[in-house]
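Residue numbers (numbering that gives the first Met the number 0), protein chains in the order written: chain P, 0 to 78; chain S, 0 to 296.
Wrong hints could be hidden among the right ones.
Stated by the list, open to error - Computed footprint of chain P on chain S, listed as stretches where at least three residues anywhere in the stretch have a Cβ under 8 Å from a Cβ of chain P:
#1 175 to 187
#2 192 to 198
#3 207 to 217
What the hints assert, rightly or not - Between beta-carbon pairs, the in silico distance windows are:
#4 S:Q85 / P:V15: 27 to 37 Å
#5 S:S27 / P:D28: 51 to 61 Å
#6 P:S23 / S:R199: 16 to 26 Å
#7 P:D28 / S:A61: 38 to 48 Å
#8 S:Q85 / P:N52: 34 to 44 Å
To be clear, the hints were calculated from the coordinates, so they are not data collected in a lab.
Here a beta-carbon is modelled for each residue, glycine too, at the ideal position from N, C-alpha and C.
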Amino acid sequence: MGWGGSRHGDIQATIVIEGGRIVSAAISDCETRYPCDVIERLPPQVLMRQSPNVDRVGGATESADAFYSAVYFALQQAQ
Amino acid sequence: MSGALGDRLTARTEVVMGTPVTIDVAGSGAEAAIERAFQWFYQIEECCTRFDPRSELMRLTARAGVAVPVSAILFESVQFALKVAQETGGAFDPTVGHRMESRGFNREHRTGNVIRTAIAPGDDVSYRDVHLDTERRTITLLRPLILDLGAVAKGLAVDMAARELEPFTDFSINAGGDLYLGGSNPQGQPWRVGIRHPRRDRELIHCLCVSDQAVCTSGDYEQGRHILDPRTGSPADSVASATVVAPGAMLADALSTAAFVLGAAEGIALLDRMGVDGLIVTADLERHETRGLSHAE
Numbered sequence: 000m001g002w003g004g005s006r007h008g009d010i011q012a013t014i015v016i017e018g019g020r021i022v023s024a025a026i027s028d029c030e031t032r033y034p035c036d037v038i039e040r041l042p043p044q045v046l047m048r049q050s051p052n053v054d055r056v057g058g059a060t061e062s063a064d065a066f067y068s069a070v071y072f073a074l075q076q077a078q
Numbered sequence: 000m001s002g003a004l005g006d007r008l009t010a011r012t013e014v015v016m017g018t019p020v021t022i023d024v025a026g027s028g029a030e031a032a033i034e035r036a037f038q039w040f041y042q043i044e045e046c047c048t049r050f051d052p053r054s055e056l057m058r059l060t061a062r063a064g065v066a067v068p069v070s071a072i073l074f075e076s077v078q079f080a081l082k083v084a085q086e087t088g089g090a091f092d093p094t095v096g097h098r099m100e101s102r103g104f105n106r107e108h109r110t111g112n113v114i115r116t117a118i119a120p121g122d123d124v125s126y127r128d129v130h131l132d133t134e135r136r137t138i139t140l141l142r143p144l145i146l147d148l149g150a151v152a153k154g155l156a157v158d159m160a161a162r163e164l165e166p167f168t169d170f171s172i173n174a175g176g177d178l179y180l181g182g183s184n185p186q187g188q189p190w191r192v193g194i195r196h197p198r199r200d201r202e203l204i205h206c207l208c209v210s211d212q213a214v215c216t217s218g219d220y221e222q223g224r225h226i227l228d229p230r231t232g233s234p235a236d237s238v239a240s241a242t243v244v245a246p247g248a249m250l251a252d253a254l255s256t257a258a259f260v261l262g263a264a265e266g267i268a269l270l271d272r273m274g275v276d277g278l279i280v281t282a283d284l285e286r287h288e289t290r291g292l293s294h295a296e
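Given only the sequences and the hints, what does the whole structure look like? Please build it.
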């Protein structure tokens, strides 16, 4: 579990790891000043991006937001 | 050093240049090289950001009409951006900075501070208003303007980071979806890279195999319609996603932006002319690709 902050507020993400792989990613607490459904598409991306068929996923530049920070710090804690 | 399965992997993620950057290196003992790789991101961001009035780029902006001696990083970035501008007839143009700023792309990602630069460039400023002196390494802005080196600077940072990691052979750099893949994946095969579908969050629109190449994508789906057609000043809207595979990220990033602006037919013609491969997905989700684009099974 990790917290991430941005200028829009804070987000807590819960990441479940089994056998070295992320099996679920979720926003467990959302204290942003915009509705949390704005970023609800992000957790499934965390799973998609470790798809067994590809090593990496490329795409248009992502902005640094609280969710990514929260996932990052959750993973740090899991190490 | 082999990247065979079972080797140790060294990985680190930091948020820099407004995006999460992850570096993975096969093998041990890579910590110092990874540190140097990240330092390039910080150093190039500090030099080339238009979101900090104290950056070298913005100090240059404040001195229009004067031949200003600049660092190698700034000179190389601007020189490269101007070459791509010439090659694309202005479809890529680093002088869009003020238009970006006035359209609301004016917020610094770390502090949230809004930038308003006190100059009034004409609507018709272009890359032709920037003069370089290679011998003296000076840049002269012939008219008041703001340079936006966003794509070029990030690409340069990825390329410099890749150079630091070269001795390790097998590594990957992911700068917010812009990738450089060195050597092989952990299974000893070329890296398999999925390209995000521009309209369906959980899907990939393409999968390719690469080694020692950069894969960069410009799209309208992450930060809204943020790519302007410098020739008209309006958002480019015929393309949803343009991906370029090239030997370096600076080239791949700039050409993906240019292809996004040019549209499918002219964009593919540009990539063919430049000898790189790519995939352009239009707003109607039509796929257009170069003949040599790799298809992973």
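#### Entry: Hints breached by this structure
4, 5
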